[in-house]
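Peer 1: Take a look at the letters that make up each chain.
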Amino acid sequence: MTDTKIAKMTAKDVHVFYGDNHAVKGISLDLHQDEVTALIGPSGCGKSTFLRCLNRMNDTVATCRVEGKITLDNEDIYDPSIDVVQLRARVGMVFQKPNPFPKSIYDNVAYGPRIHGLAQSRTDLDEIVTVSLEKAGLWNEVKDRLDSPGTALSGGQQQRLCIARAIAVNPEVILMDEPCSALDPIATAKVEALIDELKGRYAIAIVTHSMQQAARVSQKTAFFHMGDLVEHGDTTDIFTSPKEERTRDYITGRFG
Amino acid sequence: MSETNKDFKPTDWHSDEMNARIKRRYRKEKTFKAFGLGAVVVAALFLVMLIGKIASDGFFGFFQTSIELDIPFEQSVLGNPREMSPEAFQEQVKRANMLRLIDAAMKEHFPEITNRRERRDLIRMVSTGARGQLRDMILANPTLVGTTKRVSLLASDDIDQLHKGKIDKNEPEANRKVKDKELGWYNKLEEEGRVTLHFHSTFLTHGDSRDPEMAGIWGATVGSALTLVVTLLIAFPIGVLAAIYLEEFAPKNRLTDLIEININNLAAVPSIVFGLLGLAVFLGVMHLPRSAPLVGGLTLALMTLPTIIIASRASIKAVPPSIRDAARGLGASPMQVVFHHVVPLAMPGILTGTIIGMAQALGETAPLLMIGMVAFIVDIPGSVTDAATALPVQIFLWADSPERAFVEKTSAAILVLLTFLIAMNGLAIWLRQKFERHW
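Chains as they are written, first to last, in our numbering: chain A, 1 to 256; chain D, 1 to 439.
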């Protein structure tokens, strides 16, 4: 694989341990601006664990230990001088289950900008909320009811609200952990279209169980198996001419 | 696909055995439901009996018998307000023997009684509190002096009980508190329509007294309220902060396990032990005032803390982790995660636990006995350092009193305590609904 562009995030030889369990075994992977990288593989292969290393969400798990080097713009994110709170603002995350706060739609989106002091005035904040909801393709559906609770939206709308909430803090990277697994096909299509639109501005990594989804939304695909990164490269190459036996078996549905 | 050739026998869903099993299952279910309903009915019956008994006993505690007498406000006893300075008049009224006025009124009604001893018994049909009643009347209205006016005076507790029918007139005289002679006087006054029963506001506005007809619940109510305020101010912040720390920040290790076990054990410690602790620490070491709501509140706070901590931890634990993830993923600091999201969502549960703890503290007697809140206190406490008593202790004190009339006062005080409790629970329900959020 030849990378001509400079990588936004780079992982080098990353190992993750949960106590004695070696969950991720020496993974090296780059994430690029303007690109969606799909992480695929059977359950328990370490793809979600790896994803959660990229914004240090694993820090909250007491038994979790991360080795290796992960950089964001050439800065080591596990360096003690890095503020994890700011890191998570720069590397946003969307979760498997839509998890809006039990607050109004407006407050959901405004929460990030508020805690990071991104808006100087109420007008600024209104602007951020509007733009975020527009980018998430939700504005037209909710503009008349910004004060109603975010939890009253449908599942697909909730997930797009979560994406709007992540966008609102102006991140550089967005990590998505199976964002469509709890959604119906129509909502999934909307979120996928949104991901496609967002890739111009952010480096995106998406964990998915759906091979079709990986093929539809990603430019790069990485196949994980048993904590190893088996193969990664351009999505078209992985799906049409995989180099590894295991990759071929997985994408043709022979296991997993 | 199958790895074995063995196959299940075909199931006969209509066999006798199957039918019998189904019948048995339905029977079990019916029996269980019947037992459940029975349990509810028994519990409800006991509750109704308990409340009914207390309410029927306590109802008359809010009422008091009075005797109306034509009191001559004699100048010879009280002095003439027109000839003296107001201060001198007040001074004289305060020192005047009001019994002489009552005696004079009684002489009008019962001119035939001249025996000194019988005259004294006659006066005793009126409460000792009647003296204060007359004094206050005269001080409020000095122009009464020189006139005769029909005044409603508190009856003594025995006459009160007689009028309420609590003393059996047919019992032999030797076993009766009201003797035949007094019964005759009472009957005469009664026939003249001078004995009346009316709502007794003194019970709700005054402090304790040795005389049942003068005793009130307000001192104990204020004492309880002050004690609970101290308890709440100490136990709520400490309990909630401890719960948040243990649940959200503390590392999970031996030490925190040990702390958790000890908090659970502390919740099961008999309350009197907390009383002993309060006695030793707050009075013995820190020399805080004895019998004060401050010390009572501190002691009850110690007792309530485990309840609040356990309830708060449970409701913090019940906040879905996805909410924490969402906030963390946006770059919220651990404290922001807790105070912006976890605590607001856990608030209904925390408040419920707190109110349960406070209700427990409200009904607690034993620890208060140890720190001296069992003293006989007439004054209404004005601050947390004044000597005071509390509602359950007042009930305990009255239940222990020999006077017949304190029986209904005890039940009436229980009614006041229950009202206090219901009000607190009502507040809890209101708060919970106010803070409840759905997700």
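Calculated from the structure, these hints are not laboratory results. Among the hints, a few may not be true.
[To be verified] Just the calculated beta-carbon pair ranges, DEER-fashion:
no., chain 1, residue 1, chain 2, residue 2, range
1, D, R432, A, E141, 29 to 37 Å
2, A, Q86, D, F435, 25 to 33 Å
3, D, R432, A, A189, 47 to 55 Å
4, A, G44, D, R432, 39 to 47 Å
[Unchecked claim] Among the chain D residues that face chain A by a calculated CB cut under 8 Å, a handful are:
no., residue
5, T147
6, K149
7, S322
8, D325
9, A332
All C-beta atoms, glycine included, are put in the ideal place defined by N, C-alpha and C.
Peer 1: Confirm or reject each hint.
Peer 2: Results for each hint:
no., hint, in the structure
1, D:R432 with A:E141: 29 to 37 Å, "holds (33 Å)"
2, A:Q86 with D:F435: 25 to 33 Å, "holds (32 Å)"
3, D:R432 with A:A189: 47 to 55 Å, "violated (41 Å)"
4, A:G44 with D:R432: 39 to 47 Å, "holds (41 Å)"
5, T147, "violated (71 Å)"
6, K149, "violated (68 Å)"
7, S322, "holds (4 Å)"
8, D325, "holds (6 Å)"
9, A332, "holds (6 Å)"
Violation of the numbered hints given earlier is confined to hints 3, 5 and 6; the remaining hints are satisfied by the structure.
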